[in-house]
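Trainee: As a plain string of letters, each chain reads:
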Amino acid sequence: MKTSFQSPQQFFRQRRLRLSVVLIILIGIYVTSMALVNFQTWTSIAKIPAGLIWLFHNFIPTERSISYLGPILYQLWRTLLVSISSTIVASLFALIFAILGAKTTTPSPVFRIVIRFGASLLRNIPVVAWAMILLFSFKQSDFTGFLALFFMTLGYLTRAFTETIEDLDAEKLQALQAVGANYFQCVFCGVLPEAASTLTSWVLYMIENNLRDATLVGLLTGTGVGFLFDYYFKSFRYDAAGLIVLLIAILVILLELTSTQIRRAIA
Amino acid sequence: MIENSQPKPKTIQPVAPQTKHVSLVTRPRKILRGVLAGLAIITIYSLATLNNGNLVFADAFKSLGVNLNAMFLHPGVGQDTFGQLLRALVTSVSLAMLTTLLGAVIAFFIAVGAARNLAPSWLATTIKAVMAFIRAIPTILWVLIYSVVMGLGASAAVVGLTFHSVAYLVKAYSESIEETSQDTIEALKASGVGFWPIVFQAILPSIVPALLSWTFIRFEINFANAVAVGAAAGADDIGYFLFMAGSFYFNFHEVGLIVYLLLAVAIVLELVSMKLRGHYLKHN
Amino acid sequence: MLKVIQLDKTYGSNKHSLKNVNFTAQPGEVTAIIGPSGAGKTTILRSINQLIRDDSGQILLDGQDIRQANKAGLRKIRHHIGMIFQNYNLISPLTALENVLHGRLGAKSTVAGMLGLYSNEEKTEALELLDEVGLKEYAYQRCDQLSGGQQQRVGIARALMQHPKMILCDEPIASLDPKSTKIVMDILRRLAKDKQLIILINLHQVDIAMEYADHVVGINSGAIVFEGATKTVDDDVLQKIYRQTDDAKTVVSANEN
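Residue numbers (full-length UniProt numbering), protein chains in the order written: chain D, 1 to 267; chain C, 1 to 284; chain W, 1 to 257.
Isolated chain D, as found in the complex (with noise of 0.2 Å):
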């Protein structure tokens, strides 16, 4: 950048003009977005609010659909296991490949790229391809979620796992190989327990989006409460629905409240 203007008018009118050309080119990236999805942004947001209105009017939980809450409650808890043992199941295998992907501790470089390769793999197709992949295979059963689940938790633990652990002090390791420490007691005494809370918290980062992202896999699979959503929606009880979405916001909360929690603990 240059660090001399001929005057104080002349840095002012060169700031204006970057900040005019950024303007502009944000601009046209929003009017040409909006032509290109066919989108209305004046009457559109118009109709929020008579859409919130509406919402509150059809939406809000009656008595009748205290009748629904069996059902419910047992999808939203059968979701909610899909959405953990995915996780756990996903991070074990994250954890090994982090440590034989991580720069500190992996056994050969070769490892690290085939790995690294992998897991972007994984993380960059999307859930709804997955759900797609795996439907006709596994067809409408919980395993099929499950799965969908397990392979886009695996690519972005395995990312967060391998950052952790080469973000650890690599002195640390020096000091236990220093003392004769072999490689798996180097990992097993050094890496994993100095790692151990960040990476818990990595965890439950990915269960709280999960039983997210396990609602739209459920949708698209025909499983699990996004299912049971779809099919009330589908055929106008919104009430039913609408508890779904309450029930949903609460488990989501509680789950974020008790995280922070347990991180606070952990820490």
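Do not rely on the hints blindly, as some may be mistaken.
Which residues of chain W face chain C? A few of them, derived with a C-beta cut under 10 Å, are [claimed, not checked]:
1. Gly38
2. Ile81
3. Gly82
Residues from chain D that keep clear of chain C, each with C-beta distances beyond 10 Å, as calculated [said to hold, decoys possible]:
4. Ile24
5. Tyr30
6. Arg64
7. Ser67
8. Ile84
9. Phe93
10. Gly118
11. Val128
12. Lys172
13. Ala196
In silico lysine-lysine, BS3-like type, Cα no more than 25 Å apart, as pairs [stated by the list, open to error]:
14. W/Lys76 x C/Lys189
15. C/Lys189 x D/Lys139
16. W/Lys76 x W/Lys3
Don't read these hints as lab results, they were simulated from the structure. Glycine included, each C-beta is placed from N, C-alpha and C at the ideal position.
Knowing the structure of chain D, use the given hints to seat chains C and W on it.
Mentor: Okay, now just chains C and W, sitting in the frame of chain D:
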């Protein structure tokens, strides 16, 4: 006030061991182990009771193998044309850009009200609670809810995605605002500067890097969401084609091609984000 | 002229409280407030521009009571009181020039302030002020690339941009090395003389106060224990200002509570 507390009823208490027991396990460690053990038990229970719909796993994995082979080694356009798919991909990217930009602008103003160092605490708390509630409901449900009001299609998708983006970004932005030092704000207050000039002239320039980085993260999320919305709510984007190819026509060659297209976008996004981050690291 | 009359401020603990504070500061003079840490130096300074609301008393700047001003009035008064801080409190990603121009924001309408619209005259003046504190060639540098002493000089230029009657300096040299200290203090003394400003400085270094101040206010445990010309400060006066007895008393009374 231990001395003044009421005498407790006598209970038999174990005598403390005389020799000091050297414990390597601290309290956080114990909690950590407890949490992990609990999660492990839930996982085992969940796997044991998973509804697998009488699947024969060997067959299922074999068929998955065949499909993966078809997808990744023999991608094809199926009954759509390549042009159609590209157009749909552009729609998805546009959807993500539109909702991110709209969400970012709205979120910034709400975030000012949600930042504890700027707004009165009752307002900040209220806004944060409402945003936490909106965030807790998955994006796709917002889109479906709005599609009843606005009809299935682009408008509902945009509004639903924006809704969730705003809730996400308000949290991120307000936390960034709260990180700006109270002292610099006070310095301008001391010279008689009003509220909005402080926000735009002092706080905004200090947090631009954080805002950009959060907004970009949200853009990546919105792209994934846009695909999901297409699949689940029928917006006319790449997600819809993916859904049709995967669960209507069972054309895995097309699913493979679409996954490749999505991967290409993801790689571009990753490169851009690396560039952006590098740019700002250099400047700070 | 600044006249502080019977200022009182009570906090939960005795620390930083003020008890019946009276003193005056004249234009054209450097007035130093000295005293042990925790005595209430910062509380006095921040009461003057009402960053801290005190309990009772009068603060007269040219005869006008700052404490009586309403919200809009207070903003107007604050605009004529510059302030510099121990940690400079500049917006670090912005250039020195932009930080100096922030001194004008208080005089602008909300919209002009939001957009940062400055007139050509203001921009030229900002550059001249940077020249005055010896930083002309750094005008377009980001502030986080400047040294502490340079940042403090930017802070002074920002205060001058307000066209102040008075500049409040809250431990302005506490984070600076001796060389930067001298530069900053020389500038402050020169400004008091040349522009007939009231310069009010909190200091914990007595030697600096002796060297640069015209007028000294000594404070101990929230009460003024000395006020007078610098040349009248002798060892007895310093003993009085820095005596520990009151602190010890504070500790005892805290234990009694």
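Trainee: Each hint should be assessed against the structure and marked as holding or not.
Mentor: Hints, one by one, checked against the model:
no.: 1; hint: Gly38; in the structure: violated (19 Å)
no.: 2; hint: Ile81; in the structure: holds (7 Å)
no.: 3; hint: Gly82; in the structure: holds (7 Å)
no.: 4; hint: Ile24; in the structure: holds (13 Å)
no.: 5; hint: Tyr30; in the structure: violated (5 Å)
no.: 6; hint: Arg64; in the structure: holds (19 Å)
no.: 7; hint: Ser67; in the structure: holds (21 Å)
no.: 8; hint: Ile84; in the structure: violated (5 Å)
no.: 9; hint: Phe93; in the structure: holds (13 Å)
no.: 10; hint: Gly118; in the structure: holds (13 Å)
no.: 11; hint: Val128; in the structure: violated (5 Å)
no.: 12; hint: Lys172; in the structure: holds (16 Å)
no.: 13; hint: Ala196; in the structure: violated (6 Å)
no.: 14; hint: W/Lys76 x C/Lys189; in the structure: holds (11 Å)
no.: 15; hint: C/Lys189 x D/Lys139; in the structure: violated (63 Å)
no.: 16; hint: W/Lys76 x W/Lys3; in the structure: holds (19 Å)
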